[in-house]
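Novice: If you want the building blocks of each chain, they are given just below.
Number of protein chains: 2
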Amino acid sequence: MKLADLPTPALVADAETLTFNLDTMAEALPGRRMRPHVKAHKCTALARRQAALGHVGFTCATIRELEGLAAAGLGEDLLLANEVLDARRLGVLDARVTVAIDSDETLRAAVEGGVREVLIDVNVGLPRCGIAPEKAGALADRARAAGLEVRGVMGYEGHVMGEGDVDRRREATEASMVLLRQAHEDVGGDVVSAGGTCTYALNTAATEIQAGSYALMDRTFTYPDLPFRPSFWIHASVISVSEKFAVLDAGLKALSMDHGNPELDEGAGKVWFCSDEHTTFAPSKPVRPGDRARVWPMHVDPTVAKHERLHIASGDDVIETWEIDLRGW
Amino acid sequence: MKLADLPTPALVADAETLTFNLDTMAEALPGRRMRPHVKAHKCTALARRQAALGHVGFTCATIRELEGLAAAGLGEDLLLANEVLDARRLGVLDARVTVAIDSDETLRAAVEGGVREVLIDVNVGLPRCGIAPEKAGALADRARAAGLEVRGVMGYEGHVMGEGDVDRRREATEASMVLLRQAHEDVGGDVVSAGGTCTYALNTAATEIQAGSYALMDRTFTYPDLPFRPSFWIHASVISVSEKFAVLDAGLKALSMDHGNPELDEGAGKVWFCSDEHTTFAPSKPVRPGDRARVWPMHVDPTVAKHERLHIASGDDVIETWEIDLRGW
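Same order as they appear, the protein sequences are chains A and B.
Read in order, the letters of the first sequence are residues 1 to 329 in our numbering.
Read in order, the letters of the second sequence are residues 1 to 329 in our numbering.
Check each hint, because a few of them may be wrong.
Because identical chains cannot be distinguished in the list, a pair is counted as satisfied if it fits within a single copy or across any two copies.
[What the hints assert, rightly or not] Below, a list of computed lysine to any residue pairs in the SDA-like style, where the Cα atoms sit at most 20 Å apart: (1) K2 - W329; (2) K270 - D258; (3) K270 - G91; (4) K285 - R144; (5) K2 - R88; (6) K244 - G267; (7) K285 - E263; (8) K244 - D104; (9) K2 - R309; (10) K285 - E105; (11) K285 - D265; (12) K285 - P127; (13) K285 - F273; (14) K135 - R151; (15) K270 - R292; (16) K244 - E134; (17) K2 - G315; (18) K270 - L126; (19) K244 - G125; (20) K135 - G269; (21) K2 - R89; (22) K244 - P127; (23) K135 - R33; (24) K244 - L126; (25) K244 - H159.
Just so you know, the hints here were simulated from the structure itself, not pulled from any lab data.
Using the sequences and the hints, build the whole thing.
Specialist: Structure representation (structure tokens):
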């Protein structure tokens, strides 16, 4: 099928750019040094590509993601890098499952759910999940006493990702990793899991990096020091043209706005606003109803989660279509 | 099932409030005076409730919504209040289908797609779809010459919905309807389709009102003059607790942020920020992992579109679960 024949709106990735991003990461962080985060793409077909490059362990944010990967035969080493209060769906999976814990309640949920392995989730500066570093060792002790295997620690330095300057980002990463190392000394185990796309080359403390966005790549995070390029867009049709503006058939239900308005191709025009099913823009050159446009959202993860399928394009051709099969919870 | 046992995050509506909203609208605009917009809830079970109250015609934003309603036997009078360049999936539906057109291209798409009936979509002030009012008559003439039945006009005064003052909202609505009436005189036909939840009682020019949000009700639009009350929320679990904040398991993938941060129940705490799968908040009183919270998103439509199911609650009980079966395109 030609891109021009694809029903719109449609989530599309450029095959060449996607491959470049995947290969670049696999070269920088081969094999188990990378534990790809599937929350960014929610697509077992893409996870399969990552596994084929040697990344056989995966990071997940939801139980549904683990279930899907396990069912697809990708369950060699799955980490739920998130807290859950009911782990029963994890305990029955035909996969190696490790879950993050940061409290006695999540510890108990792991035990009661039949999960055997855990990481101690440590707060390294992002105001989100994770236990205070100085309390990590005691939680690990209680986990072991409860019969759990504590594989090590995780700590996501998410608060540094928005720092565009690479030196300041490195410093902030190192400050976070001082905390994680301190916790790791108390906790023990082989695993220090941390990092993301923006710190994949800066975080030298982690034994494995949990990057996710790099494959499709957030437009928000195209910093000069990062080699990854946005590989995905929303393919849209011009459905209405007025004197000063035109309207595309992709809106809030097709793309995420939490990091600001999407952009169009260089020189195509300026986005005014998005509504539920529309993007109104000022075209830079005359357009007609039926013309196609590429809409570039700022943020990968919540955009992908709005779509059922990811179309892979090479030039003007759609060469493959992958299911976004890990959505929901 | 008890609400406390529902896996989280989950989209929940309060049965009583939902019924109140539906009944209130049916009393104000009985039968065909209301053409409920299903884009707000994307749920045939909810549409069935609206049809049972006498609203047998529906407004849609996507072809998928028409397909779902037609398959559910709710195809007595379906309006696609949106422009499409490929109407072939509409032409084959076992339903009465009317589509909006605002250009020769969308006119041609209707003809080629086998659609027989159209409305002329008129721009009444919102910078989105719709032909200029003075050009509507000529487009209607060309549509009739092409063999289409022109049922009338539509014109959505979406730009007035954000006006909290009812008098100014009424004035702005009337200004828009002057334009729509002018177009209607040139176009002819029985139908003048317009309006929304915030103008349902103000728009006296329209023969039918296209309101959608009123059933679940946008928290953004709880103006003093509107009787409808937010009836839906995201049921979430506290998964992590730190000294100054706590974390819920509902984030950008479970709720829409285009109208700002969600809110918690009065007195429960203050939302700091949402990330992909989390909401970080400052609790007003001590919380523990496993506690439940209600997260109230600002905007109905894009929030509902993120969920597979809508749970209907009465008190602490989940009494029904409806599929959100009209998602996608």
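Novice: Could you place K135 and R33 in one of the four classes (within, between, both, neither) given a Cα distance threshold of 20 Å?
Specialist: Intra 27 Å, inter 63 Å, cutoff 20 Å: neither.
Novice: Between K285 and F273, at a C-alpha cutoff of 20 Å, which is it: within one copy, between copies, both, or neither?
Specialist: Within one copy only: 18 Å inside a chain, 39 Å across chains, cut-off 20 Å.
Novice: At most 20 Å between CA atoms: does that hold for K244 and E134 within a copy, between copies, both, or neither?
Specialist: Between copies, since 16 Å is at most 20 Å while 59 Å is not.
Novice: Using 20 Å as the alpha-carbon threshold, which applies to K135 and R151: within, between, both, or neither?
Specialist: within (17 Å within a copy, 70 Å between copies)
Novice: Have a look at K2 and G315 and pick one of within, between, both or neither, based on CA distance no larger than 20 Å.
Specialist: Close inside one copy (9 Å), not across copies (52 Å); limit 20 Å.
Novice: When no copy is specified for K244 and G125, does a C-alpha distance of 20 Å or less occur within a copy, between copies, both, or neither?
Specialist: between (46 Å within a copy, 13 Å between copies)
Novice: For K135 vs G269, is the C-alpha pair at or below 20 Å within one copy, between two copies, both, or neither?
Specialist: Answer is neither; intra-copy 53 Å and inter-copy 25 Å both fail.
Novice: For K285 vs E105, is the C-alpha pair at or below 20 Å within one copy, between two copies, both, or neither?
Specialist: between (59 Å within a copy, 18 Å between copies)
Novice: Quick one: K270 to D258, C-alpha cut-off 20 Å, is that within a copy, between copies, both, or neither?
Specialist: both (18 Å within a copy, 19 Å between copies)
Novice: At 20 Å max between alpha carbons, let me know whether K244 reaches D104 within a copy, between copies, both or neither.
Specialist: Classified as between; 18 Å across copies, 59 Å inside a copy.
Novice: What label fits K2 with R89 when the C-alpha limit is 20 Å: within, between, both, or neither?
Specialist: between (41 Å within a copy, 19 Å between copies)
Novice: Is it within a copy, between copies, both, or neither that the alpha carbon of K2 lies no farther than 20 Å from that of W329?
Specialist: Answer is between: at 18 Å across copies they meet the 20 Å cutoff, but 33 Å inside does not.
When the structure is compared with the earlier hints, violations turn up for hints 3, 4, 20, 23 and for no others.
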